[in-house]
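Engineer: Here's the letter readout for the chains.
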Amino acid sequence: MQYHLSQSADFSADKHPESAAFRCQSESLDYAGLRHGANQLANALVDQGVKRGDRVGIYCNKSLESALAIYGILKAGAAYVPIDPHSPVHRIEQILTRCGIRHLVSHTAKAQDVNAILQSTGGLDAVIGMSEPEAPAVHRCRFMNWNEVRDSDGERAPNVRLTEQDLAYVIFTSGSTGIPKGIMHSHHSGLSYARLSADTYDLGHGDILGNHSPLHFDMSTLDYLTGPMVGSTTVIIPEAHTKLPASLSALVEQERMTVWYSVPFALIQLLLRGVLEKRDLTSLRWVLFGGEPFPPKYLRELMNIWPHAKFSNIYGPAEVNQCSYYHVPESLTGYEESIPIGTIWKNTEALIVDESGRQVSPEMTGELLIKSPTMMRGYWGRPDLNAACFFKRPICTDVHDRFYRTGDLASVNGKGEYLYHGRKDRQVKIRGNRVELDEIESVFIAHESVEEAAAYSMPVVDGSPAASIEGAVGIEVALVLKGGSGISKQEAMNYAGDRLPRYALPERIRILGSFPRTTSDKIDRRELQKRALDEHPAYQKSSEHHAT
Amino acid sequence: MPHDMKQNLADFVYQELLDGRVTISGSDDLLVSGLLDSLGVMRLVAHIEQKYGVKIPPEDITIEHFASVDAIAAYAGNLLAD
Numbered sequence: 001m002q003y004h005l006s007q008s009a010d011f012s013a014d015k016h017p018e019s020a021a022f023r024c025q026s027e028s029l030d031y032a033g034l035r036h037g038a039n040q041l042a043n044a045l046v047d048q049g050v051k052r053g054d055r056v057g058i059y060c061n062k063s064l065e066s067a068l069a070i071y072g073i074l075k076a077g078a079a080y081v082p083i084d085p086h087s088p089v090h091r092i093e094q095i096l097t098r099c100g101i102r103h104l105v106s107h108t109a110k111a112q113d114v115n116a117i118l119q120s121t122g123g124l125d126a127v128i129g130m131s132e133p134e135a136p137a138v139h140r141c142r143f144m145n146w147n148e149v150r151d152s153d154g155e156r157a158p159n160v161r162l163t164e165q166d167l168a169y170v171i172f173t174s175g176s177t178g179i180p181k182g183i184m185h186s187h188h189s190g191l192s193y194a195r196l197s198a199d200t201y202d203l204g205h206g207d208i209l210g211n212h213s214p215l216h217f218d219m220s221t222l223d224y225l226t227g228p229m230v231g232s233t234t235v236i237i238p239e240a241h242t243k244l245p246a247s248l249s250a251l252v253e254q255e256r257m258t259v260w261y262s263v264p265f266a267l268i269q270l271l272l273r274g275v276l277e278k279r280d281l282t283s284l285r286w287v288l289f290g291g292e293p294f295p296p297k298y299l300r301e302l303m304n305i306w307p308h309a310k311f312s313n314i315y316g317p318a319e320v321n322q323c324s325y326y327h328v329p330e331s332l333t334g335y336e337e338s339i340p341i342g343t344i345w346k347n348t349e350a351l352i353v354d355e356s357g358r359q360v361s362p363e364m365t366g367e368l369l370i371k372s373p374t375m376m377r378g379y380w381g382r383p384d385l386n387a388a389c390f391f392k393r394p395i396c397t398d399v400h401d402r403f404y405r406t407g408d409l410a411s412v413n414g415k416g417e418y419l420y421h422g423r424k425d426r427q428v429k430i431r432g433n434r435v436e437l438d439e440i441e442s443v444f445i446a447h448e449s450v451e452e453a454a455a456y457s458m459p460v461v462d463g464s465p466a467a468s469i470e471g472a473v474g475i476e477v478a479l480v481l482k483g484g485s486g487i488s489k490q491e492a493m494n495y496a497g498d499r500l501p502r503y504a505l506p507e508r509i510r511i512l513g514s515f516p517r518t519t520s521d522k523i524d525r526r527e528l529q530k531r532a533l534d535e536h537p538a539y540q541k542s543s544e545h546h547a548t
Numbered sequence: 001m002p003h004d005m006k007q008n009l010a011d012f013v014y015q016e017l018l019d020g021r022v023t024i025s026g027s028d029d030l031l032v033s034g035l036l037d038s039l040g041v042m043r044l045v046a047h048i049e050q051k052y053g054v055k056i057p058p059e060d061i062t063i064e065h066f067a068s069v070d071a072i073a074a075y076a077g078n079l080l081a082d
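Line by line, the protein sequences give chains A and B.
Position one of the first sequence corresponds to residue 1 (this note's numbering), numbered consecutively onward.
Position one of the second sequence corresponds to residue 1 (this note's numbering), numbered consecutively onward.
A portion of the hints provided could be inaccurate.
Unchecked claim - Calculated cross-link-like contacts (lysine-lysine; reagent style DSS-like; alpha-carbon spacing at most 30 Å):
no.	chain 1	residue 1	chain 2	residue 2
1	A	Lys489	B	Lys6
2	B	Lys51	A	Lys278
3	B	Lys6	A	Lys297
4	A	Lys110	B	Lys6
5	A	Lys482	B	Lys55
To be verified - Which stretches of chain A does chain B cover? Using the computed rule of at least three CB atoms under 8 Å from a CB of chain B, they are:
no.	stretch
6	233-244
7	273-282
Hint data in this document are derived by calculation from the structure and do not stem from the laboratory.
Remember, it's a predicted structure, so these values are computed and weren't measured experimentally.
The beta carbon of each residue, even a glycine, is placed where N, CA and C say it ideally should be.
Let the sequences and hints guide you as you build the complete structure.
Structural biologist: Shown next as structure tokens:
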């Protein structure tokens with residue numbers, strides 16, 4: 001019986017000691033090596049004072065060390081906390097302080113940044129993975145490089161007793177107030193996800209998973225937690241490849257990857273710039289995507305190029321890991337602007353409720369609530385959020401079910417498929433009409449000349465008829481056009497005018513060369529909105545007004 | 001390879017793509033360090049195409065050619081010489 005995530009490394013080392021668990025660049029780590037190296041790191045961490053329940057940060061570029069770090073930290077009885085290696089020091093400091101992190105696993109490539117972190121934070125007890133810097137220390141921090149880690153015992157893991165309710169990992173996402181929120185997953189929720197995902201996508205020993213997502217993005221758990229559970233190989237795709245689609249497609253071909261999981265953006269980049277006609281990617285048997293809606297026009301094109309692969313839309317906030325899938329049918333007809341999020345997966349219950357918490361009538365839209373063994377314990381150190389994010393359904397006196405409020409709007413169509421209608425907080429009222437910003441985006445993206453679209457609300461400016469209404473908002477749409485296409489703003493507006501109700505039409509369209517993106521490659525709409533407010537002289541007055 | 005081309009590319013990367021935040025040398029890695037993202041690469045490609053009147057085929061936009069200012073300049077220099 002497995003009750004601890006790191007047992008995956010042990011069990012797979014027993015079964016397939018010489019199979020590769022992880023590969024990155026030209027390096028490879030087999031299962032025997034993973035178990036041995038993780039034991040060494042765990043013993044080193046315990047020597048450095050790590051105890052059951054502690055949080056240990058992972059601050060690494062994508063590398064074999066990041067995989068070793070996960071299993072070493074878990075074997076020490078601690079929870080791993082991935083930190084975006086390209087995050088500004090200020091944000092890292094927030095995470096370290098909030099999460100009470102005293103130990104960091106890193107590597108030499110990040111030595112300079114670690115130094116900057118130590119200068120600005122309250123300090124750390126130990127940094128594993130690099131030697132002490134030569135500069136005079138202004139902090140009392142111990143250093144241990146990877147060679148020293150390898151002096152520790154690799155035969156046996158430290159003797160730490162854990163239950164499956166123990167904390168396994170904490171993933172930080174940006175909160176709407178700008179303070180990062182730490183999503184806490186236990187061994188139980190992590191294992192439930194690993195089991196369900198292995199089962200749903202039929203993952204096994206022969207599979208080669210392409211790890212596109214960075215560690216601090218929850219989609220990486222398929223590659224780092226599910227893969228080792230079934231004894232497959234995970235190819236860690238280096239950062240450089242994720243930026244150059246032609247190199248990326250060459251790597252997929254060379255590594256004979258069988259399963260792909262990423263945000264749609266990465267697949268669209270591959271489609272548009274990955275010279276796919278020159279690559280033999282017939283090894284791909286299943287392409288999974290999630291995190292954002294995949295515009296059907298691109299999906300259809302990709303499915304035509306890779307007829308040998310199955311395609312699935314994966315849905316689920318990081319708080320529940322995953323909760324539904326949609327296996328895309330070969331002929332993707334009838335879905336011009338968006339595809340369903342599909343079927344709620346096993347052992348999981350979904351409710352769609354209205355504002356007052358009552359279940360909506362069939363086919364009506366409401367907020368999606370999820371109850372699943374893959375669900376998080378809550379947010380780290382945020383009783384305020386934890387009080388608000390769960391929905392309690394009474395069963396009988398003193399007993400209730402706990403559902404996670406996804407904040408996503410969904411409905412079920414006549415075929416029993418779940419449909420996604422955008423974030424609840426991406427719903428705006430325009431002159432009393434409910435408008436989904438995500439649906440406006442999907443209308444624009446469906447146009448053949450549009451590569452990407454983003455819609456966001458803006459305060460209505462003086463002079464507009466709606467300006468007299470307190471808090472009235474309008475919509476602005478930003479577009480990135482396909483190379484060489486010359487659609488005008490007016491043409492784009494006319495196109496949308498044929499497909500959207502009048503009140504949902506944007507007041508303004510901007511055409512940009514590219515969009516700002518979050519570290520997980522999603523469009524950064526908040527930044528777009530901020531830039532629009534900063535740049536547009538007409539908004540200066542109203543934004544000042546809003547700031548006071 | 002013309003020296004002013006390398007200087008021009010270094011200036012473009014420094015001023016346009018890095019907003020003058022980080023000083024770099026010709027051999028510094030731009031990709032793994034996170035200094036350049038995928039959109040930065042696309043802007044750089046557009047800049048070279050426009051400035052030097054060449055067409056960069058998608059299959060050439062690879063790590064080997066775009067890892068550092070030196071690598072980009074060497075690649076673009078060859079492209080011009082062809």
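Engineer: Now, for every hint given, state plainly whether the structure supports it.
Structural biologist: Going through the hints against the structure:
Between A/Lys489 and B/Lys6 the alpha-carbon distance is near 37 Å, which puts this suggested pair outside the 30 Å criterion. Taking the CA atoms of B/Lys51 and A/Lys278, the gap is near 28 Å; set against the 30 Å cutoff, the hint holds. Restraint check for B/Lys6 and A/Lys297: the C-alpha separation of about 40 Å exceeds 30 Å, so the hint is violated. For the hint linking A/Lys110 to B/Lys6, the alpha-carbon distance of about 28 Å falls within 30 Å, and the restraint holds.
Distance restraint check for A/Lys482 and B/Lys55: the Cα-Cα separation of roughly 17 Å lies within the 30 Å cut-off, and the hinted pair is therefore satisfied. Only residues whose C-beta sits within less than 8 Å of a C-beta in chain B count toward coverage, and the stretch 233-244 of chain A has 7 of them, enough to reach three; the restraint holds. Residues of the stretch 273-282 of chain A lying with their CB closer than 8 Å to a CB of chain B number 4, which satisfies the three-residue condition for coverage.
Checked against the numbered hints above, the structure breaks hints 1 and 3 and satisfies the rest.
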